[in-house]
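Colleague: In case you want the letters, here they are:
Protein chains: 2
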Amino acid sequence: MKKLSSNKVFGGEHAQYSHYSDANKCEMTFAIFLPPIALGKGKEAQRVPVLYWLSGLTCNDQNFMQKAGAFRAAAELGIAIVSPDTSPRGEDVPDDPDSAYDFGLGAGFYLNATQAPWSTHFNMYDYILNELLPGVQQSFFVNKNSAISGQSMGGHGALIIGLKNPDVFTSISAFSPICNPVNCAWGQKAFTHYLGDDQQTWLQYDACHLLQNASKHIPILIDQGTDDNFLEDQLQPNNLIKVAQMSDYHLTLNMRSGYDHSYFFISSFIDEHLYFHATRLFAGE
Amino acid sequence: MKKLSSNKVFGGEHAQYSHYSDANKCEMTFAIFLPPIALGKGKEAQRVPVLYWLSGLTCNDQNFMQKAGAFRAAAELGIAIVSPDTSPRGEDVPDDPDSAYDFGLGAGFYLNATQAPWSTHFNMYDYILNELLPGVQQSFFVNKNSAISGQSMGGHGALIIGLKNPDVFTSISAFSPICNPVNCAWGQKAFTHYLGDDQQTWLQYDACHLLQNASKHIPILIDQGTDDNFLEDQLQPNNLIKVAQMSDYHLTLNMRSGYDHSYFFISSFIDEHLYFHATRLFAGE
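Chains A and B are the protein sequences, given in the same order.
Here UniProt numbering is used: the first sequence runs in plain steps of one and ends on residue 285.
Here UniProt numbering is used: the second sequence runs in plain steps of one and ends on residue 285.
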């Protein structure tokens, strides 16, 4: 791991690292926030739990770190935050031929691609679960308690990775997630290219399908703004709510009047998400 | 005034506006945060005081609004925040011939230029004091209680505009301000071009000179990181402290161990600045 940058913030540290990813066959960048207690400021350092944050279309490792306003609460609670990039990057990595914002670079959709030319590099699911998590646990003063969150495409990522790995993550939260990608334009475009035409193979990355078949129910918190331009066509939280009711999966969906798809919305409620995860991350300690 | 954008945040509103500036002879953009109480959410609206935030080199109206994490405290306290752009903009506005970051566009230094070709457009001092303040007081549900703050070049701006107008502003604060521009490379370059070679004319925009000659002492709070790359060469808070001691001007300078020149630093202490201003903005109500 190469350390690219470091900033002191709220008594803790924000830093960027890069490292080679076998899953994505390229150098990947991620950012981490370590709260003061993990740095041993003022007393002996303690291992802290980690919240993984997955960002949305067009984002990289920095959007959340610079705009969410999460560090005050994370520093107080003693929670580390890790924010990976949203796709593989580099000269060898193919992009959407039209450089569209919703596919290719910045749009990895947190899955393992099976179709050429995407399958060489676009394996964000394996990267997050099998490289980033163990790498963070090895390299930083953290413990194994992990939660996952994200926004929009990253909310989809948090839901699918969390639902598929309920023994790895204590809890899932999301802002404005793509809840039913097999049923919206963003998801259909990405899944067709990454996974091919057989829509049966898409279901393993669809939150509605995974929730319906979940054997273990870990807590889920979702916040969604009512003035979000993408609400009806792309995000479709009502589809997830319907499945949750049918499956007796208790999840909390807060519809927030007047809020949009921006980081202004995320910053308004990120503290509540941190408190939500904290009760699970510190349970039984 | 044209409304360019609007986002709900912490129950209040962040919005961008543009309007023609007579002082700068161009269209100017600014951003405003209005706390819930100024919008009348839940009860009758109340006029709120305003904190003016001046940003640093290369910034525009959005840096503070997106990265400072100020809205939680501002919403609770009931303080509006106004963040103007850092210079005139537009095709007619001249820039540094080398497009350097420290002069021309994005580097107005909050003064009135006297030298061609800058004097036509670069009149940020008049713009802030005589157009933005009255315009905001006319157009939004605010009262006349105003405070001023900023970072780096904007910290210089807050100090000089506040010190020159102690009856307009209740209080001044700054992060990492340029404290003695006549004595550092950034200031000397800008003042030579904007004001000419006669260094006597520079003193009206130098915080050390103004503090030394201040007839009315309004409260000043400064935060400065010890790991700031610009501390010794450009910012020089010790020069301001020396003048304050000689002049018996009580100001607070917090040297913050390990912090740098970034918004990670600002976000860590912006709440303290808001509380500092609140005690003055709400005094006597």
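Keep in mind that the hints were calculated from the coordinates and are not lab data.
Among the hints, erroneous ones may be present.
[Claimed, not checked] Here are a few chain A residues that face chain B, going by a calculated C-beta distance under 7 angstroms:
(1) Val9
(2) Gln62
(3) Gln66
(4) Lys216
(5) Ala244
(6) Asp260
(7) Phe269
[To be verified] Which bits of chain B does chain A cover? Going by a derived footprint, with three or more residues having C-beta under 8 angstroms, they are:
(8) 28-40
(9) 200-207
[Claimed, not checked] To list a few chain A residues with every Cβ distance to chain B over 10 angstroms, as calculated:
(10) Val93
(11) Thr114
(12) Asp227
(13) Asp271
(14) Phe282
Backbone N, C-alpha and C fix where the C-beta goes; we use that ideal spot for every residue, glycine too.
Colleague: Checking against the hints above, which ones are violated?
Modeller: 2, 4, 5, 7, 8, 9, 12, 13
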